[in-house]
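Protein sequences appear in the order of chains H and C. Under the working numbering, the first residue of the first sequence carries the number 1, and numbering increases by one thereafter. Under the working numbering, the first residue of the second sequence carries the number 207, and numbering increases by one thereafter.
If you're looking for bench data, these hints aren't it; they were derived computationally from the structure. Since the structure is predicted, the reported quantities are computational estimates derived from the model, not experimental observations. Ideal placement from N, C-alpha and C gives every residue a C-beta, glycine not left out. Heads up, some of the hints might be wrong.
If you want the footprint, here are the derived chain C segments under chain H, 3+ residues with CB under 8 Å [as the list claims (entries may be wrong)]:
id, region
1, 240-254
2, 258-271
3, 300-307
4, 313-322
Straight-line distance between alpha carbons at most 25 Å, and here's what the computed DMTMM-like set of lysine to aspartate or glutamate pairs gives [what the hints assert, rightly or not]:
id, chain 1, residue 1, chain 2, residue 2
5, H, Lys109, H, Asp60
6, C, Lys265, H, Glu206
7, C, Lys306, H, Asp33
8, C, Lys265, H, Glu12
There are 2 protein chains.
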Amino acid sequence: MRILDISRVLNERSATYPLNPTYERTILRDVPDAPSSLSRIILGTHTGTHVDAPRHVQKDGAGIDHVPLERLVGSAVVLDLTDVADTITARDLEKRRVPKGHIVLIQTKNSAADPGVFDERFVACDESAAQFLANLPVLAVGIDGPSIKKFQVRDRTHHLLLERGIPVIEGLDLSAVPVDHYTFVCLPLVLAGADGAPARAILLRE
Amino acid sequence: MRILDISRVLNERSATYPLNPTYERTILRDVPDAPSSLSRIILGTHTGTHVDAPRHVQKDGAGIDHVPLERLVGSAVVLDLTDVADTITARDLEKRRVPKGHIVLIQTKNSAADPGVFDERFVACDESAAQFLANLPVLAVGIDGPSIKKFQVRDRTHHLLLERGIPVIEGLDLSAVPVDHYTFVCLPLVLAGADGAPARAILLRE
């Protein structure tokens with residue numbers, strides 16, 4: 001079995017979405033002066049590779065600790081949308097073969113971008129794309145940009161998915177991933193009641 | 207496929223090993239006053255369910271970002287050591303059938319303890335047990351206590367495993383897990399150069 005790590009490394013140079021905490025690590029004690037090394041980390045629930053829970057947009061929505069893992073572990077398909085310059089619409093998705101009941105991973109030109117720079121022109125979905133995926137329905141949606149929604153657009157892209165219980169995985173690194181079917185495993189930290197959580201995500205292939 | 211979550215929930219009441227940062231979450235903005243909710247979290251690299259990297263005890267050891275996922279994803283066996291009152295020795299392990307090349311998960315009476323209380327009498331391994339597992343060898347070792355080593359004992363339990371590249375998973379919740387063979391998936395956050403990282407761990411069964 002081959003494991004493809006599609007998570008982004010967290011380090012002090014990692015770009016973060018505006019208003020979100022940047023990652024910091026402080027070494028509290030260190031070998032050989034101490035018997036073991038130990039660090040404190042600070043980050044946001046939407047920093048780096050992470051999962052949005054319904055609580056991100058709904059006051060009474062499920063926290064990340066109540067997102068069923070059955071939505072984050074299962075059959076996944078990678079869709080090549082690297083030809084989209086700006087915004088992914090339902091029309092772009094209709095042209096691809098998007099299977100029902102799968103985890104859909106959207107590969108865009110974001111994966112080729114410098115992870116140390118926040119570029120507000122990142123490719124993302126509009127409401128029509130979110131509605132298309134929610135109607136299929138899909139199990140979960142992942143994308144390789146900092147958000148599934150275009151920067152500074154105030155629309156219902158997140159709501160259309162999260163209100164249907166469809167978790168959104170953001171900040172994936174799909175740069176080295178061939179378009180194919182995989183088993184996807186994404187495990188967010190279990191943060192009680194939180195709007196989202198940092199996660200590690202992998203693809204498995206026989 | 208059935209998914210068993212063997213991670214501990216992180217909340218403000220979670221007990222933490224002395225000197226390690228306790229988990230804190232601060233809500234930075236919240237719906238409906240803001241368009242979306244967002245939090246900052248603070249925790250330690252060894253807080254809650256986590257993985258120790260070789261860097262935890264070796265100055266030049268691999269950081270958690272260089273621990274191969276092939277050691278944290280694979281065939282696992284749960285060993286019932288709930289009858290051990292205090293310290294697990296090589297003798298205790300010799301009595302069980304411990305297979306080579308597997309991920310070994312040690313279930314003790316720690317799993318029945320209150321996760322809100324740090325009890326310094328937690329059950330852990332001594333050097334003989336670590337040496338036994340390193341010699342087999344195993345792929346990785348997981349335990350349901352706050353450390354694989356007894357509290358305040360300064361010995362080479364961690365070194366015997368980590369110096370051989372065997373990652374140690376601590377803070378698992380094995381309370382509801384039948385003794386059996388599983389596929390184990392443990393995904394720590396990818397923290398550049400860190401001595402360890404918080405993780406989510408699951409067991410899969412057909």
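For each hint, the structure was consulted:
1. Counting residues of the region 240-254 of chain C whose CB lies closer than 8 Å to any CB of chain H gives 13, which reaches the minimum of 3, so the coverage claim holds.
2. Judged by the Cβ-Cβ criterion of 8 Å, the region 258-271 of chain C is covered by chain H as claimed, because 6 of its residues qualify and three suffice.
3. Counting residues of the region 300-307 of chain C whose C-beta sits closer than 8 Å to any C-beta of chain H gives 0, which falls short of three, so the coverage hint is violated.
4. Taking a C-beta to C-beta cut-off of 8 Å, the region 313-322 of chain C contributes 0 residues in contact with chain H, too few for the three needed, and the coverage statement is violated.
5. For a cut-off of 25 Å, the pair hint linking H/Lys109 to H/Asp60 is broken: about 35 Å separates their Cα positions.
6. A threshold of 25 Å between alpha carbons decides the hint, and for C/Lys265 with H/Glu206 the separation of about 36 Å lies outside it, so the pair is violated.
7. Restraint check: the Cα-Cα separation between C/Lys306 and H/Asp33 comes to about 35 Å, which exceeds 25 Å; the hinted pair is violated.
8. Restraint check for C/Lys265 and H/Glu12: the C-alpha separation of about 20 Å stays at or below 25 Å, so the hint holds.
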